[in-house]
Amino acid sequence: MSTLTSCPPYELQRLARAKNVLDRVRHFAELPDEVRAAIAGAAIPRHFEAGQVIYLEGEPATALYILESGWVKATRMSPEGREQAMLFLKSGEIFGDVAVFTDTSYPGTVVALEPVNVWVIQKSAILELVARYPELAQAVIRRLGERVLYYVGLVEDLSLRSVEARLANTLLKHAEMSGGRLAVPRRAWTTFDEMATRLGTVRDVLSRALRTLDDEGLLRVERHEIVILDPHGLAARGNL
Amino acid sequence: MSQNSMEHSVDERLRAAVLQAFEADGQIAPLNLRVGVLNGIAHLAGCAPSTDVWAAAGQVAASIPGVRGVVNRIAAPGAPSPARTVNLNLENK
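Taken in order, these protein sequences are the chains called A and B. 561 is the number that our numbering gives the last residue of the first sequence; the numbers go up by one with no jumps. 99 is the number that our numbering gives the last residue of the second sequence; the numbers go up by one with no jumps.
Pulled out of the complex, with its shape left as it was, chain B reads as follows (with noise of 0.2 Å):
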């Protein structure tokens, strides 16, 4: 198996893992947000009726073991503008 692969799997399974908690999670699971992973680091879209609930589904991805970094695009009243650029910190990580 080559590393691309390898990485590949180990997002998908990332990606899995971060669903699952959402459908988990009782004020996340009706939104049906959307999730990619690449390079462990999660990508999160959809829609959230509060910053709250937008700022909850951010720390769900990323109390997940293995991800990084969470790039959330997820709109909301008040929240950024999921279009905007994102540069995260990721020493040490």
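For reference, chain A alone in the conformation it holds in the complex (with noise of 0.2 Å):
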């Protein structure tokens, strides 16, 4: 109580903005307020422009991130000397992890895609908390596992199924419906090297399958968005 009564009123708002940030993790939000508020406690605000490097793979692991507000994407560079996205991520996400529970070095690279605020937990400190807390240790399990899981499902989209079919998966995947349409907005950073990237292709393969869909009546391409025009025709080729 004293501890409490005596933090500076900085402090306090810190530990809720982080605690509010917590409740929107995966799988963190259910963990004992304890556990919370210790991550809480060794967590640190950070913020990054858009287009800031947060780190570069090969980089020694040095802290974990949440991500509290924007969106960054981690790629990976191929022993050929190609990209290849391996995740983007927005608010609520955890990223780094992999490589500090692993003790390796950052395997892909993390960039800001917008201005992102973000919260840094050194390893050493998130090492701490987990042997601590075993609810924060079984939390972590089941996040690691569900990255395994989306790794599984990343090397089976990019080893069984054609660019067109990995295409429609996404374009699916990120439709929202506007204005009385199924659309793929494009924020100013979905470019389409960016598109060719998260499937891991190139930007002219990319256009000639965008154009197959077009051709096909299966979507339009508008200056800022993909319009799904069928929905139920995409899906079917995303199962090729």
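The set of hints was computed from the structure by calculation and includes no laboratory data. Be aware that one or more of the hints could be misleading.
Claimed, not checked - Label-pair distances were calculated between CB atoms; the ranges are:
| hint | chain 1 | residue 1 | chain 2 | residue 2 | range |
| --- | --- | --- | --- | --- | --- |
| 1 | B | Ala62 | A | Cys328 | 44 to 52 Å |
| 2 | B | Ser87 | A | Ser399 | 14 to 22 Å |
| 3 | B | Ser56 | A | Pro330 | 40 to 48 Å |
Nothing here was measured: the structure is a model prediction, and the numbers come from that model. Built from N, CA and C at the ideal position, the CB exists for glycine as well.
Hints given; two lone chains; assemble the complex.
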């Protein structure tokens, strides 16, 4: 009690903000208050401008990050020199955790696509918290398990599906209802190069795939969005 | 030692060599640039005051024996965006 009352107001605000972010993190929101308070106490807020590198692949993993706001992308360069998108992350996601818990360097590069706010937890602090709170260790295991399943899906997608099928699935996953039609909004950073990287291909092949799906009447590419004209047809294309 | 851990150790040595070369360069050392190396490819980040220094850092990293390619994500006035998609031509490297 005396500790709390002696905390300066800005510190209480910081803790409240950190706890609010943890409420949005899958598997962390259900943790007991004591554990969430301990995590919040170890977290340090940081801001990155759009385009700033948060960490580089091959850098020693010194911390994990909880994304409070904004979008980031994680990419990895293949040994042949081609960039592959691994993840696009939004508010409430954690990144850097795989490298921290496996005691390796970061496996990918993470860049801010918009101005982003993150909470940084140093590796030593999170390892200590995991050792102290079994509930946190279980939450971490669940998160890492989900990440493994995600990568199994990504490998399956890249190795077994055509570019058109990957494109169809990605578009359906990101489509939103707007003005009575189903469309994928083109955010400022969603360029053709970005989409190609995400699909594990190059710009020319992506353009051809979009033209093919357009010619088949499944979608229409507009300046600011890609309109889905036939969701069922596109879903069928995604299974090929 | 597994192949992965051997590659990891080679990458760590290359990273140390790039950082050492940066430290030895009068115009690059004060910038405290960040370096990661994976699969022999050096990744750079940080801030440089000009495209000349930006390019110089890339060249210094590329000159380290064993570095197969450089992804230069250093921010500098007039330099390409650090967030851009980068594909390298690593044929015969």
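Each hint tested on the structure:
1. Distance hint check: the CB atoms of Ala62 (chain B) and Cys328 (chain A) are about 47 Å apart, consistent with the given range 44 to 52 Å.
2. At roughly 21 Å, the beta-carbon separation of Ser87 (chain B) and Ser399 (chain A) lies within the given 14 to 22 Å, and the hint holds.
3. Range check, Ser56 (chain B) to Pro330 (chain A): about 43 Å between beta-carbon atoms, so the 40 to 48 Å window is met.
This entry satisfies every hint, going by the numbered hints stated previously.
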